[in-house]
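Given chain A, put chain B in place with the hints provided.
Protein chains: 2
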Amino acid sequence: MHQLQAAGRAVRAMAEWAKQLAGIKGVMLDISGVLYDSGGEGGGVPIPGSIEAVEKIKASGLKLRFCTNETQATRGKFVAKLQRLGFNILVNEVTAPAPAACRILKERNLRPHLLVHDDLVPEFDQLDKANPNCVVIGDAADNFSYKNLNEAFRVLIGLENPILISLGRGRYYKETDGLKLDVGVYMKALEYACDVQAEVVGKPAKMFFQSALAEMEVEPQQAIMIGDDIVNDVGGAQQCGMRALQVRTGKYRPCDEQHPEVKADGYVNNLAEAVDIIVKQLHK
Amino acid sequence: MHQLQAAGRAVRAMAEWAKQLAGIKGVMLDISGVLYDSGGEGGGVPIPGSIEAVEKIKASGLKLRFCTNETQATRGKFVAKLQRLGFNILVNEVTAPAPAACRILKERNLRPHLLVHDDLVPEFDQLDKANPNCVVIGDAADNFSYKNLNEAFRVLIGLENPILISLGRGRYYKETDGLKLDVGVYMKALEYACDVQAEVVGKPAKMFFQSALAEMEVEPQQAIMIGDDIVNDVGGAQQCGMRALQVRTGKYRPCDEQHPEVKADGYVNNLAEAVDIIVKQLHK
Numbered sequence: 001m002h003q004l005q006a007a008g009r010a011v012r013a014m015a016e017w018a019k020q021l022a023g024i025k026g027v028m029l030d031i032s033g034v035l036y037d038s039g040g041e042g043g044g045v046p047i048p049g050s051i052e053a054v055e056k057i058k059a060s061g062l063k064l065r066f067c068t069n070e071t072q073a074t075r076g077k078f079v080a081k082l083q084r085l086g087f088n089i090l091v092n093e094v095t096a097p098a099p100a101a102c103r104i105l106k107e108r109n110l111r112p113h114l115l116v117h118d119d120l121v122p123e124f125d126q127l128d129k130a131n132p133n134c135v136v137i138g139d140a141a142d143n144f145s146y147k148n149l150n151e152a153f154r155v156l157i158g159l160e161n162p163i164l165i166s167l168g169r170g171r172y173y174k175e176t177d178g179l180k181l182d183v184g185v186y187m188k189a190l191e192y193a194c195d196v197q198a199e200v201v202g203k204p205a206k207m208f209f210q211s212a213l214a215e216m217e218v219e220p221q222q223a224i225m226i227g228d229d230i231v232n233d234v235g236g237a238q239q240c241g242m243r244a245l246q247v248r249t250g251k252y253r254p255c256d257e258q259h260p261e262v263k264a265d266g267y268v269n270n271l272a273e274a275v276d277i278i279v280k281q282l283h284k
Numbered sequence: 001m002h003q004l005q006a007a008g009r010a011v012r013a014m015a016e017w018a019k020q021l022a023g024i025k026g027v028m029l030d031i032s033g034v035l036y037d038s039g040g041e042g043g044g045v046p047i048p049g050s051i052e053a054v055e056k057i058k059a060s061g062l063k064l065r066f067c068t069n070e071t072q073a074t075r076g077k078f079v080a081k082l083q084r085l086g087f088n089i090l091v092n093e094v095t096a097p098a099p100a101a102c103r104i105l106k107e108r109n110l111r112p113h114l115l116v117h118d119d120l121v122p123e124f125d126q127l128d129k130a131n132p133n134c135v136v137i138g139d140a141a142d143n144f145s146y147k148n149l150n151e152a153f154r155v156l157i158g159l160e161n162p163i164l165i166s167l168g169r170g171r172y173y174k175e176t177d178g179l180k181l182d183v184g185v186y187m188k189a190l191e192y193a194c195d196v197q198a199e200v201v202g203k204p205a206k207m208f209f210q211s212a213l214a215e216m217e218v219e220p221q222q223a224i225m226i227g228d229d230i231v232n233d234v235g236g237a238q239q240c241g242m243r244a245l246q247v248r249t250g251k252y253r254p255c256d257e258q259h260p261e262v263k264a265d266g267y268v269n270n271l272a273e274a275v276d277i278i279v280k281q282l283h284k
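Top to bottom, those sequences are chains A and B. Note that the numbering used here has the first sequence beginning at 1, numbered continuously upward. Note that the numbering used here has the second sequence beginning at 1, numbered continuously upward.
So that you can see chain A by itself, here it is in the shape it has in the complex:
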């Protein structure tokens, strides 16, 4: 009886956001915590049902774009890992912060001092890095040593016009062995140290979502974002005029559903459930 009531509630709750799906032409997917959990040997494990869910979107006729804040590897290397894990994903389907930052640096004649993961460095190969006039930080993980953070700090505080570019502003993410501090935490550290405000390239920046939408060739109101981060995925996409679902995988925590500022259009157990409902609505 109790189980039946609970099931009834779940179906009703599900139905609410599913009713709002009219006009959806494109799906935007976060990667880490939605497609797979990163970390450990082999670089991570697919979240059950996600490999099939991606295929299902591609087969449905919906447009699909992956929108990630991943900066621990070049986009090419990152996509190759996902392919090895079994995902049907191509480099040109992915919007990521480092290539976006490179374009901005070139446009503004900025020479970066990099505080990033070793595997991300090749993404900046084409840029002049002598006499840096800005600092770029990404998710550097173990490269966030005291020595390296202090070095970035000294470059920044020595600049007449200190420019700090942060590849995302996430607080933490979940790997197979637990929660890990993300780039946003070190962005805040440098902001405080130098009394500056970072420019964020990546989610939740509006420009970042807009460029992903442009690459998908749909309008914000025609797109739905699916992510595990209530602020950076859900809040960011909504700010941009998109609808957004939070999955209960990855870094999701139950208290996210009572977040003081952001309310997702819907909460789903995982990507597979979200895609089932979206595709079913499509054929009504």
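Certain hints may be false.
It does not matter which identical chain is meant; a pair holds if it fits inside one copy or across any two.
Said to hold, decoys possible - Simulated crosslink set (BS3-like; lysine-lysine; CA at most 30 Å straight-line): (1) K263 with K63; (2) K174 with K129; (3) K147 with K180.
I should point out that these hints are in silico values taken from the structure, not numbers from a laboratory. Since the structure is predicted, the reported quantities are computational estimates derived from the model, not experimental observations.
Relative to the frame of chain A, chain B by itself:
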């Protein structure tokens, strides 16, 4: 002629704050950047004239208290280093964050997870550290690795009622080989990661200055603080009702004299100059 004008201006500027010294009974000194510059072999070098300036205060009949945010070593070890450098200073003349934090932890039955310098750990020997229910961070320097910060983060985010105690909130300090990030930067990082507000033990916390004043047995309006940090020394002391001078040594930067929120009662080239003027006024 130009030199004479400059000298005249300097004397006039000096005279202004010196006129406000009536009623001063005690001097409170910051240590790093005022008495000595830390770092390098031997642990640092005295700032010229400072050893004699301390003696001069002690001989003048003024009360004297050292008020430091130093947390790279126990108070005993730190004072021993200053004595080796030639300073007339005793352990019981020094107010420092770690002993103050220990009293607070005991009072509130808190069991700390420590993220501090190895040499500070003995200060917490008397405390139960099993099953931590709070995180204490000090100036951990090279111990601020990604691994250690992540460990502190996991403890904090795992607590039902996350308590973060920070031994100071400084941005950076100056060592003989350049600027170094201070504990406040990592406090901000953890605050952002866990969406908490740290409790600061150390300057500029009002309670910290008040306990230093109580130990000196003078009222705030009878005391003058001398420090190199415009916010933590000067601003903190003024908030507490004290007067405060900034020295142009240590981490001082010329732009401090145009700080948007804090204006020192006076600016002096170094501790020796400040003490000369204070003691001279005393005998008028």
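Alpha-carbon proximity context of K147 and K180, limit 30 Å: both (20 Å within a copy, 9 Å between copies)
Intra- versus inter-copy proximity for K129 and K174 (alpha-carbon distance at most 30 Å): The answer is between: 27 Å across copies meets 30 Å, while 32 Å in one copy does not.
Status of K63 relative to K263 across identical chains (alpha carbons, at most 30 Å): within (25 Å within a copy, 58 Å between copies)
Going through the hint list in order, the structure satisfies each hint without exception.
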